[in-house]
Amino acid sequence: MNAPGRRAPRKAALLLGALALAGCVHVQLEQPVADFAGAVAEARSAMRSSLQAVNAYERRMYLDEALFDPSMDIADVKNGKRTPLLAPVFPPESIRARLDALDLVGEYAQRLQDLVTDDAPARATDAGAALGKNLAGLGERVAALSGDRSSQGYAGPISTAVAVLGEMWVAEKRDRALRAAIERGAPAVGRIIDLLEQDLVEAVRLLRRSGERERLALRVSWYNRHRAKLAEDLAARREQLADVEAAVARFEDAASFDPVRITGPLREANDALLAAARSPRRPEDLKQLAAAMKALAARVRAGAEAARKLQDAKEQTNAG
Amino acid sequence: MPDDRIDTPTLTAIIDACFDLSMNGDVAPAQQDALLAAGKRLRGYLVNLVSARFQARTAELVAANAAIADVDRTLRAELQKVRDAADAVKKVAELVAKLDEALVAASKFV
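Protein sequences, first through last, are from chains A and B. So the first sequence is numbered by my numbering: it starts at 1426 and just counts up by one. So the second sequence is numbered by my numbering: it starts at 1105 and just counts up by one.
Keep in mind the hints are simulated off the structure, nothing from the lab. Quick reminder that beta carbons are idealized off the backbone N, C-alpha and C, glycines included. Mixed in with the good hints, there may be bad ones.
Computed footprint of chain B on chain A; a stretch qualifies when at least three of its residues, placed anywhere within it, have a C-beta under 8 angstroms from a C-beta of chain B [stated by the list, open to error]:
#1 1593-1600
#2 1605-1611
#3 1651-1665
#4 1688-1699
#5 1722-1730
Produce the entire structure from the sequences given, and follow the hints as far as they go.
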């Protein structure tokens, strides 16, 4: 028969094993939250530049019409209404609300990441190790004073067990805070994604698509109408045709831009995070979440890249 | 309030068709010009419609912003609580060390 003093360290070792397994749950949630924050940052930068450009784009459209229509006079006010020359088509305060929404969703993702990556549980482990050591020391002191030596040898297991318990206590607090935050934040983030998607589809995709088609049509019409005058001037014709070619490239970029390629995976990532917060957190759930989140983050990056291409095309046109 | 009965993708498809036909060499030049003018006019209408809807959605977006800002404030507070919890473990360790010291001091008088 084993003495109580020998059985206890074995029990402590088993307890430690169980505690260490429980602790793994928190580690596995770090990557999905980091991927979510990364996807939000990518989407945010692409959506921000697209929204900021809407008024400048409509001004360019207005001036482009004037370029190809000599009968059109440009003015700040026409028929009692302000034109895109100086008046923004989309009110700056409305655009500000969209940019604020993007910043707030970014902040939310960052706070979630702060919460999962904060070193508080690690600090709790260190503090817990010190506590365990001090408790064991205190126990030995009491044993020495009382004359009972049976507790000697507990110092190591107690120290480790208290360290793990300290970490678990803090990690559990963090876990509950994380679940509550995602539970409350996900519906608001979902609504913001829905609204931004409508804005980007209408104010960017549809207006850019029709705008670039109009700019191409204006150039084609102008060239066909004036080509007789350009018959002897090869350089001028080359310049006009290069302008048509650039318009075709812009039109193709605008036609391929689809904001749903950014908002769609972002919405799925937000939903996946909410599902994870509500799940029993079995290791297989977390493994699936981590894989799904990584794939979604990659899709957001691809969509954001297409949006950047649209902006680059615009900038090249400006430079020209 | 903007007219919700108008489907903007369908309107855009009509505008696209006008511009496409204005570039179609099989269409008579006069008709090409008329289609180009119609496309421009319809796009102007689309811009006004989209702008009005954009403004109409702003109030809802401001409300959603307030909700997420509230969550952000809570998250900051929760993060502080988690940090406080780690500090609490440290304080207990310090307390036990002090108890030990007190016990050492007390044992000298036993």
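Here is how each hint holds up against the structure:
1. 1593-1600: holds (count 4)
2. 1605-1611: holds (count 4)
3. 1651-1665: Coverage by chain B is violated for the segment 1651-1665 of chain A (0 residues, Cβ < 8 angstroms).
4. 1688-1699: Violated: only 0 residues of the segment 1688-1699 of chain A have a Cβ under 8 angstroms from chain B.
5. 1722-1730: violated (count 0)
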